[in-house]
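K.L.:
Letter by letter, the chains look like this.
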Amino acid sequence: MAGRRVGDSGLPDPGPSSLHIPYSVHHGINPPPTSFMNHEGSAFDFRELEEAIALQGVEISNSDDAKAPLFTASRSAAAATLEMFPSWPMRFHPTPRGSSKSGGESNEESASGVNSHSISSKGTEGYVEPESPMSSRNTSSDQQMMQQQQQLEVANDGSRTPTAGGLLHQQPPAKPTTEKRKGAGSMSDKVLDAKTLRRLAQNREAARKSRLRKKAYVQQLESSRIKLAQLEQDLQRARAQGLLLGGGGNGGACGNISSGAAIFDMEYARWLDDNHRHMLELRTGLQAHLSDGDLRVIVDGCIAHYDEIFRLKGVAARADVFHLITGMWTTPAERCFLWMGGFRPSDLIKVLTTQLDPLTEQQVMGIYSLQHSSQQAEEALSQGLEQLQKSLIDTISNSVSVNEGMHPMALALSKLTNLEGFLRQADNLRQQTLHQLCRILTVRQAARCFLVIGEYYGRLRALSFLWASRPRETLIGDDNSCQTTTDLPMLQPSQNHFTNF
Amino acid sequence: MHYQTESLGSYLPAATMVGGDPLERIERLASENAVVIFSISTCCMCHAIKRLFCGMGVNPTVYELDEDPRGNEMEKALTRLLGGGAAVPVVFIGGKLVGAMDRVMASHINGSLVPLLKEAGALWL
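Protein chains in written order, with my numbering: chain A, 1 to 501; chain B, 1 to 125.
These aren't lab readings, by the way, just hints derived from the structure by calculation.
Wrong hints could be hidden among the right ones.
[Said to hold, decoys possible] Okay, the calculated bits of chain A under chain B, using three or more residues with CB under 8 Å as the criterion:
no.: 1; segment: 375-386
no.: 2; segment: 418-431
[As the list claims (entries may be wrong)] Here are the computed distance ranges between Cβ atoms for each label pair:
no.: 3; chain 1: B; residue 1: E32; chain 2: A; residue 2: L272; range: 33 to 43 Å
no.: 4; chain 1: A; residue 1: S223; chain 2: B; residue 2: L82; range: 52 to 62 Å
no.: 5; chain 1: B; residue 1: W124; chain 2: A; residue 2: R270; range: 41 to 51 Å
no.: 6; chain 1: A; residue 1: E232; chain 2: B; residue 2: G121; range: 54 to 64 Å
no.: 7; chain 1: A; residue 1: D294; chain 2: B; residue 2: K118; range: 35 to 45 Å
no.: 8; chain 1: B; residue 1: D68; chain 2: A; residue 2: A304; range: 41 to 51 Å
no.: 9; chain 1: A; residue 1: T417; chain 2: B; residue 2: P69; range: 25 to 35 Å
no.: 10; chain 1: B; residue 1: E67; chain 2: A; residue 2: L413; range: 23 to 33 Å
no.: 11; chain 1: A; residue 1: S291; chain 2: B; residue 2: K118; range: 33 to 43 Å
no.: 12; chain 1: A; residue 1: Q375; chain 2: B; residue 2: E67; range: 29 to 39 Å
no.: 13; chain 1: A; residue 1: L272; chain 2: B; residue 2: D68; range: 40 to 50 Å
no.: 14; chain 1: A; residue 1: D274; chain 2: B; residue 2: E67; range: 20 to 30 Å
no.: 15; chain 1: A; residue 1: E232; chain 2: B; residue 2: E64; range: 48 to 58 Å
no.: 16; chain 1: B; residue 1: G55; chain 2: A; residue 2: V315; range: 53 to 63 Å
[As the list claims (entries may be wrong)] Just so you have them, the derived chain A footprint on chain B, three or more residues with Cβ under 8 Å:
no.: 17; segment: 46-58
no.: 18; segment: 102-112
Ideal placement from N, C-alpha and C gives every residue a C-beta, glycine not left out.
Please model the entire structure based on the sequences and the hints provided.
P.N.:
Shown next as structure tokens:
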């Protein structure tokens, strides 16, 4: 919007090249003010402002042509501040307009490139209250005014969002600069420290930029999330159809899982469904108070079901031991607490002991010694695996082969085959623990035991899904945070830093 | 007289044996101590089983087959004894075969290992 030349106003041309812009902006103020008015009209005290404007207008019109640029600027600074109220141009256009142009222009000297909306933004920033009383004292405090005006110009660069207005007015709805407003509100006493003004304005600008950045980042995240969910769905479908035969057991050169792993994942999914069915059977059986014989049948079915998964794991271990031992077949929460490719038997017993009351003394002792021996076995296996790792490190780190002239990598490969053995022994331990539990417990207790186990792991699996889809509430309405969007998890605490602002 | 090279193994000192029956040697060695483990020094599962017994307070007698001149054949004999799979580690308690790692762990879990050890005099209390 190229406006009229500055010279048209009849004022001397101060010289800076950016003179057109404020003037054009001056025009540009007109359309948006309607929106400003809608937002902030109710919050303004127009009466006071009108008085100030009237005074201002009179002064300016009187001194229009005869003053030096500086002086004009200072007065026009005041006039320009009037322009900060979006509604003012609509009402009080004629009077301050002429001088405000030049005022805006000369004040643009100190503004950085983004000066076009600084006038309007100043208004929207609401530094009008301190300004309007000052404007009435315009003639007496010209220099101070201009200085402050310049500070404002610099400070308000780019902070042009329509909703950023009304800083000093407490209740504009859904304003992102709530905290800043409060902070600025404390500045409504007449003496505005220039440095503070500048700092506040700079902070506003930084906040605005960071808000925009965060918005962009969040949008990116959301779209990525949707994309990821779709990709995962496609992957699952492809796996289920056995389409992913990538690498034939090499563990996935392209990041695809091996066929053995894919097959196991499918079988595990089916196993989980069957497990659910078993648990329903157990629940109804317990509630229906079936006879011990009938319940025993159900419990035996459960044990056989667990035996089945251990068998499947054994088969899969031959195909892809890493897939199993790293827990890629489980959900993240389960994987976090994985021990040697599955649950830790002593942990399972811990889960059960509280749920199996009442127990006879013999049972208590039996369970205690079971826990003790499983802990010893776990410890032994863990140490064995540690030994394997140490040996592997030695083999790989040695550039010169130490063993019978065998190439270090070949030797390392042969050592890796031991992993399968450890996984198998760990699964064996799990299986034996479950069997022993069933020997110690009565039929009803065993039924409850399997229910507890099933529920525990079901909840752990659900935890993984809940965690992945948890709402990031700290993002909503947190526009005040000046942290970059990379600090998302920190938003909650960081927000407190800025409430004092 | 006829040479019963195999059966002579039990009558002649082991040092002079050349073609003796490894299985018999194994059985002989196994009966000399309460807990006998046949192992290979570089085998990690053997390390695990040793740690299991030491953790229980047992002091097993360990024969490292890779450090024995006749280890190779003993290993083969053990494989046959166990019916396939890895020859080591294998555990004898009180001269009787307990088995490989999975059997040992199963017996520990079902509570039969400790009485066996006590019976053989490897554990007190």
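K.L.:
Compare the structure with each hint and give your call.
P.N.:
To see whether the hints hold, each was checked on the structure:
With a threshold of 8 Å between beta carbons, the proposed coverage of the segment 375-386 of chain A by chain B holds, since 8 of its residues qualify and at least three are required. Counting residues of the segment 418-431 of chain A whose CB lies closer than 8 Å to any CB of chain B gives 7, which reaches the minimum of 3, so the coverage claim holds. Our hint of 33 to 43 Å for E32 of chain B and L272 of chain A is violated, since their Cβ atoms are close to 51 Å apart. Hint check: S223 of chain A to L82 of chain B, Cβ distance near 59 Å, so the stated range 52 to 62 Å holds.
Separated by about 50 Å at the C-beta atoms, W124 of chain B and R270 of chain A satisfy the suggested range of 41 to 51 Å. A beta carbon spacing of about 60 Å between E232 of chain A and G121 of chain B agrees with the range 54 to 64 Å that was offered as a hint. In this structure the supplied range 35 to 45 Å holds for D294 of chain A paired with K118 of chain B, their Cβ-Cβ distance being about 40 Å. Separated by about 43 Å at the C-beta atoms, D68 of chain B and A304 of chain A satisfy the suggested range of 41 to 51 Å.
Between T417 of chain A and P69 of chain B the Cβ separation comes to about 26 Å, which falls inside the hinted range of 25 to 35 Å. For E67 of chain B and L413 of chain A, the Cβ-Cβ distance of about 24 Å falls inside the hinted range of 23 to 33 Å, so the restraint holds. Our hint of 33 to 43 Å for S291 of chain A and K118 of chain B holds, since their Cβ atoms are close to 40 Å apart. Checked against the hint of 29 to 39 Å, the C-beta distance between Q375 of chain A and E67 of chain B comes to roughly 32 Å, which is consistent with it.
Look at L272 of chain A against D68 of chain B: about 49 Å separates their beta carbons, and that is inside 40 to 50 Å. A hinted range of 20 to 30 Å is violated for the C-beta pair D274 of chain A and E67 of chain B, which are about 49 Å apart. With their beta carbons about 50 Å apart, E232 of chain A and E64 of chain B fall inside the hinted range of 48 to 58 Å. At roughly 31 Å, the beta-carbon separation of G55 of chain B and V315 of chain A lies outside the given 53 to 63 Å, and the hint is violated.
Coverage of a stretch by a chain is defined here by at least three residues with a beta carbon nearer than 8 Å to that chain's beta carbons; for the segment 46-58 of chain B and chain A the count is 7, and the condition holds. Coverage of the segment 102-112 of chain B by chain A holds. Counting CB-CB distances below 8 Å, 7 residues qualify, and the rule asks for three or more.
Taken one by one, the earlier hints fail for this structure at numbers 3, 14, 16, listed in ascending order.
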